[in-house]
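Colleague: Spelled out from the first residue to the last, the chains are:
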Amino acid sequence: MKLAEIKRAVVILVIFLVLLTGVYPAVVTLVGKIAFPGKAGGSLVERNGAVYGSSLIGQPFSDPKYFWPRPSATAPAGRMPYDPMASGGSNLGPTNPALLDETGAAARQLRDSGVSGPLPIDLVTSSASGLDPDITVEAAEAQAARVGQARHMSAAQVEQLINAHKQGRTFGFLGRERVNVLELNLALDAAG
Amino acid sequence: MQNFEIYDLIEIAVFFAVLLLLVKPLGAYMAAVFQGERNLLSPAVRPVERLVYRLAAIDEQKETGWKRYAFSLLLLNFILMIFIFLVLVFQGVLPLNPEGFPGFPLPLAFNTAVSFATNTNWQAYSGESTASYFTQTVALALSFFVTPAIGLTVIIPLIRGIVRRTATQIGNFWVDLTRGILYILLPVALLAALFLVSQGVIQNFGGYRQVDLAQPAAGAAGLLTTQTIPMGPVASFESIKLLGTNGGGFFGANSAHPYENPSPLTNFVEILLFLAIPFALTYTFGRMSGNTRQGWAILAAMMVILIGSLGAMYWAEEAGNPLVHQQGIAGPNMEGKEVRFGIGGSVLFAAGTTATSDGAVNSMHDSYMPLGGGVALLLILLSEVVPGGVGSGLYTMLGFVIIAVFVAGLMIGRTPEFLGKKIEVREMWMAVIIVLTSGISVLVFSGVALLLSAGTSAILNPGPHGLTEVLYAFASGSNNNGSAFAGLGANTPFYNFTLGVAMLLGRFVPALAALAMAGSLAAKKYVPPSVGTLPTNNPTFTGWLIVVVIIVGALTFLPALGLGPIVEQLQMIGR
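First to last, the protein sequences are chains X and F. Note that this note's numbering has the first sequence beginning at 952, numbered continuously upward. Note that this note's numbering has the second sequence beginning at -9, numbered continuously upward.
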């Protein structure tokens, strides 16, 4: 009786293995490939045949002529910020002096680049994934003057680009208003 | 930042409205499935179901007593655990490994196999740099379906035990298991996976992509010009990870990763996925016991605690970090949170994932404010009953219900009865085991870890926050949650072993006690309600149940919480 039960357990696991880890993901992959090839493949951004990354994965812009993303915690010793091979947050607690060192350093860098007034919180804190592709609209606007100056563009031109890349809340209430940093920066390059 | 609040509140309100609307239809559907009635999916699924029974030599009509039922459950779980362990260890020579990852070291393989076989999904590793596609889509994804189904195979016989009169049998384990997977988990997971792909969650078996950065960046190792983007069959993994209250991430960042959770809408749907079945089971319970008001009374108690906790968490995070504000920075606490979700979408996920046994995260709990992270910890410590994991949440809550009935009976001098069944010594023993096992495990293991340097050397954050990291780890393991204060460097032999044991105890001791209770309740006679019967389906009882859940949780853990999050919050305000 016990032996029959063991056999039953093995057989049923094999059946589920085929159905749940073979057929099921295959169906999803197939439908994804046919119906949503770009999204299933990672929302890659192409320009002139070259792939410039993914619109869902942030990149470590640091040049004054680009909008900067949020700090990224994928960058412990030997690694780079926005490294998709090491996604994750800083995990620093709210009273940890190391956290305040990081936010303080990021704040000084922003001040040095000419941002005045209260600093948008997202520009000094690292995200959960370390790959956050977005910044808030306030964070983009705080950088507009610097970017315009570095590119010899008028404030109105930069403002217009920010507005064109604003993503509103889904259905008007879900999530947060934001700007995709990679898309905005590629648009800047295209505008000259 | 005040102006964002209103949208967050609308998001939360709409979320709970949608969730409540799903409870009745989904709950009624699940009741029909487990009672073997014809249902919506019968035409498509019934032939597959019969094929499974034929291949595995299962007699659909034959039911068993609780001991035989429990034996089959443990046997299946044991084989599943061995299978996962072997795949992890031999990953290096198995197929679908384009990145050539080697096998897991033994302590990590033990921890991970236990973790996934117990519906915990604690992860001491990071998926994108450790686990092959074969490991993720075959070994881990199999456990994503089987372990929540096993949760169902404990709650359903417990409901039968309450309903049946002088019966010896509580059901057929194999039939309950098969129905749970074929009629409930698989169809919903499939639909959800297709939706997630349509919104940007990736789904492919391609190799990792190396792309040129738009602007070369300075890294620690010199100028970097490229970025390696991991790929994988994520959508099919993600949907069942959430639906089954599993929670193990495809990537290290879990549901915070843009490829797992790319937009506010996917975030909304993902939270719905892990809360839907646990809440709907209260209706299934009401329907099967012919007392739907009883189901709603339990649901109301769950909702009150969940929404209250959510409120406290939201308030703490939206207020932000005063120490950061002193640096001339304005806004809510965004450390470890994603811009697209904002505070509302982050705390809704965090409260939901710790109130169920899901343990997926879309924000890093370690970086929450002391109070916000403390609430997440408290929700886990309350044994995950508001609403808890698939199946496990309701059977643990029924343990609390039995205790509430018994204590109330003692206080007002009435015979303790629940739905026509007398509560006696045996039931009380089982209820106490269900309710207290995880708490004892948390306190003993945390205490041991704090005494040994093997335990304390893994702590990242100094001071009381470090204590919270250790407490959170054992709370998460013992209650099969799987989320973490991830600063704790838990991939050490000490933590891999102790957390593995905590997960085994926290999963199987209460499950066996629930099945034993099912057996003893089923054997009892029905006692018709009389004037001496305490009604258990009115608001008074709901309120009493809330009090019992909170008192048990608070009395067990108040000292520990006092030394961790509470003292940290006070220190922060005082600075």
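Accuracy of the hints is not assured; some may be wrong.
Said to hold, decoys possible - To be clear about the criterion: a stretch of chain X counts as covered by chain F if any three or more of its residues have a C-beta under 8 Å from a C-beta of chain F, and this derived list gives those stretches:
(1) 983 to 997
(2) 1052 to 1060
(3) 1101 to 1107
To be verified - When the alpha-carbon atoms are kept at most 25 Å apart in a straight line, the in silico SDA-like pairs for lysine to any residue are as follows:
(4) X:K990 to X:V974
(5) X:K1016 to X:K953
(6) X:K984 to X:L964
(7) X:K953 to F:G280
(8) F:K52 to X:V961
(9) X:K953 to F:L64
(10) F:K57 to F:W419
(11) F:K515 to F:G280
(12) X:K990 to F:S119
(13) F:K514 to F:L400
(14) X:K984 to F:L184
(15) X:K1117 to F:R277
(16) F:K514 to F:S188
(17) F:K52 to X:L964
(18) F:K14 to F:W419
(19) F:K514 to F:A157
(20) F:K514 to F:L409
(21) F:K57 to X:E956
(22) X:K953 to F:Y43
(23) F:K412 to F:R154
(24) F:K52 to X:V965
(25) X:K1117 to F:V538
(26) F:K412 to F:T282
(27) F:K52 to F:T282
(28) X:K990 to F:T282
(29) X:K953 to F:W419
Said to hold, decoys possible - What follows is a set of in silico ranges between Cβ atoms, one per label pair, in the way DEER data are often shown:
(30) F:L442 to X:V974: 22 to 30 Å
(31) F:E89 to X:D1063: 51 to 59 Å
(32) X:A1142 to F:P177: 31 to 39 Å
(33) F:L10 to X:D1063: 49 to 57 Å
(34) X:R1059 to F:G533: 47 to 55 Å
(35) X:V974 to F:L11: 51 to 59 Å
Source of the hints: derived by calculation from the structure; they are not laboratory data. Positions of the beta carbon are idealized from the N, C-alpha and C atoms, including for glycine.
Colleague: All hints are to be evaluated individually against the structure, with a verdict given for each.
Modeller: Going down the list of hints, with the structure as the test:
1. Restraint check on the segment 983 to 997 of chain X versus chain F: 10 residues with Cβ-Cβ distances below 8 Å, three needed, restraint holds.
2. Residues of the segment 1052 to 1060 of chain X with a Cβ under 8 Å from some Cβ of chain F number 3, which satisfies the need for three, so the listed coverage holds.
3. With a cut-off of 8 Å between beta carbons, the segment 1101 to 1107 of chain X has 0 residues touching chain F; three or more are needed, and the interface restraint is violated.
4. About 21 Å separates the Cα atoms of K990 (chain X) and V974 (chain X), which keeps this hinted pair within 25 Å; it holds.
5. For the given pair, K1016 (chain X) sits about 72 Å from K953 (chain X) by alpha-carbon distance, which is inconsistent with the 25 Å threshold.
6. Distance restraint check for K984 (chain X) and L964 (chain X): the Cα-Cα separation of roughly 28 Å exceeds the 25 Å cut-off, and the hinted pair is therefore not satisfied.
7. Straight-line distance between C-alpha atoms of K953 (chain X) and G280 (chain F) comes to about 36 Å, which puts the hinted pair past the 25 Å bound.
8. Distance check on the hinted pair: K52 (chain F) and V961 (chain X) sit about 20 Å apart at the alpha-carbon level, within 25 Å; holds.
9. Straight-line distance between C-alpha atoms of K953 (chain X) and L64 (chain F) comes to about 13 Å, which keeps the hinted pair within the 25 Å bound.
10. Between the alpha carbons of K57 (chain F) and W419 (chain F) the distance comes to roughly 17 Å, so the proposed pair stays at or under 25 Å and holds.
11. For the hint linking K515 (chain F) to G280 (chain F), the alpha-carbon distance of about 17 Å falls within 25 Å, and the restraint holds.
12. Restraint check for K990 (chain X) and S119 (chain F): the C-alpha separation of about 22 Å stays at or below 25 Å, so the hint holds.
13. Pair hint K514 (chain F) plus L400 (chain F) holds up; C-alpha atoms about 21 Å apart against a cutoff of 25 Å.
14. Taken as a hint, the K984 (chain X) and L184 (chain F) pair is honoured in the structure, with Cα atoms around 11 Å apart against an allowance of 25 Å.
15. Taken as a hint, the K1117 (chain X) and R277 (chain F) pair is broken in the structure, with Cα atoms around 48 Å apart against an allowance of 25 Å.
16. Proximity of K514 (chain F) to S188 (chain F) is assessed by CA-CA distance (about 52 Å); at most 25 Å being required, the pair is judged violated.
17. About 20 Å separates the Cα atoms of K52 (chain F) and L964 (chain X), which keeps this hinted pair within 25 Å; it holds.
18. With a C-alpha separation of about 32 Å, the suggested pair K14 (chain F) and W419 (chain F) falls outside the 25 Å cut-off, and the hint is violated.
19. Annotation: proposed proximity of K514 (chain F) to A157 (chain F) holds, straight-line Cα distance about 8 Å (limit 25 Å).
20. A hinted pair counts as satisfied when its Cα atoms are at most 25 Å apart, and K514 (chain F) with L409 (chain F) qualifies at roughly 12 Å.
21. Taking the CA atoms of K57 (chain F) and E956 (chain X), the gap is about 14 Å. The hint holds against a cut of 25 Å.
22. Our distance criterion of 25 Å between C-alpha atoms is met by K953 (chain X) and Y43 (chain F), whose separation comes to about 18 Å.
23. Proximity of K412 (chain F) to R154 (chain F) is assessed by CA-CA distance (about 13 Å); at most 25 Å being required, the pair is judged to hold.
24. For the suggested pair K52 (chain F) and V965 (chain X), the alpha carbons sit about 22 Å apart, so the restraint of at most 25 Å is met.
25. Our distance criterion of 25 Å between C-alpha atoms is broken by K1117 (chain X) and V538 (chain F), whose separation comes to about 49 Å.
26. Using a Cα cut-off of 25 Å, the hinted pair K412 (chain F) and T282 (chain F) holds, with the two alpha carbons roughly 20 Å apart.
27. Distance restraint check for K52 (chain F) and T282 (chain F): the Cα-Cα separation of roughly 28 Å exceeds the 25 Å cut-off, and the hinted pair is therefore not satisfied.
28. Pair hint K990 (chain X) plus T282 (chain F) does not hold up; C-alpha atoms about 43 Å apart against a cutoff of 25 Å.
29. Of the supplied pair hints, the one linking K953 (chain X) and W419 (chain F) is violated, its CA atoms being roughly 29 Å apart against a limit of 25 Å.
30. The hint said 22 to 30 Å for the Cβ distance between L442 (chain F) and V974 (chain X), and at roughly 47 Å that hint is violated.
31. About 40 Å separates the C-beta atoms of E89 (chain F) and D1063 (chain X), a value inconsistent with the hinted range of 51 to 59 Å.
32. Our hint of 31 to 39 Å for A1142 (chain X) and P177 (chain F) is violated, since their Cβ atoms are close to 48 Å apart.
33. About 51 Å separates the C-beta atoms of L10 (chain F) and D1063 (chain X), a value consistent with the hinted range of 49 to 57 Å.
34. The hinted range of 47 to 55 Å is satisfied by R1059 (chain X) and G533 (chain F), whose Cβ atoms lie roughly 53 Å apart.
35. Taking 51 to 59 Å as the suggested C-beta distance range, the pair V974 (chain X) and L11 (chain F) does not conform, at roughly 31 Å.
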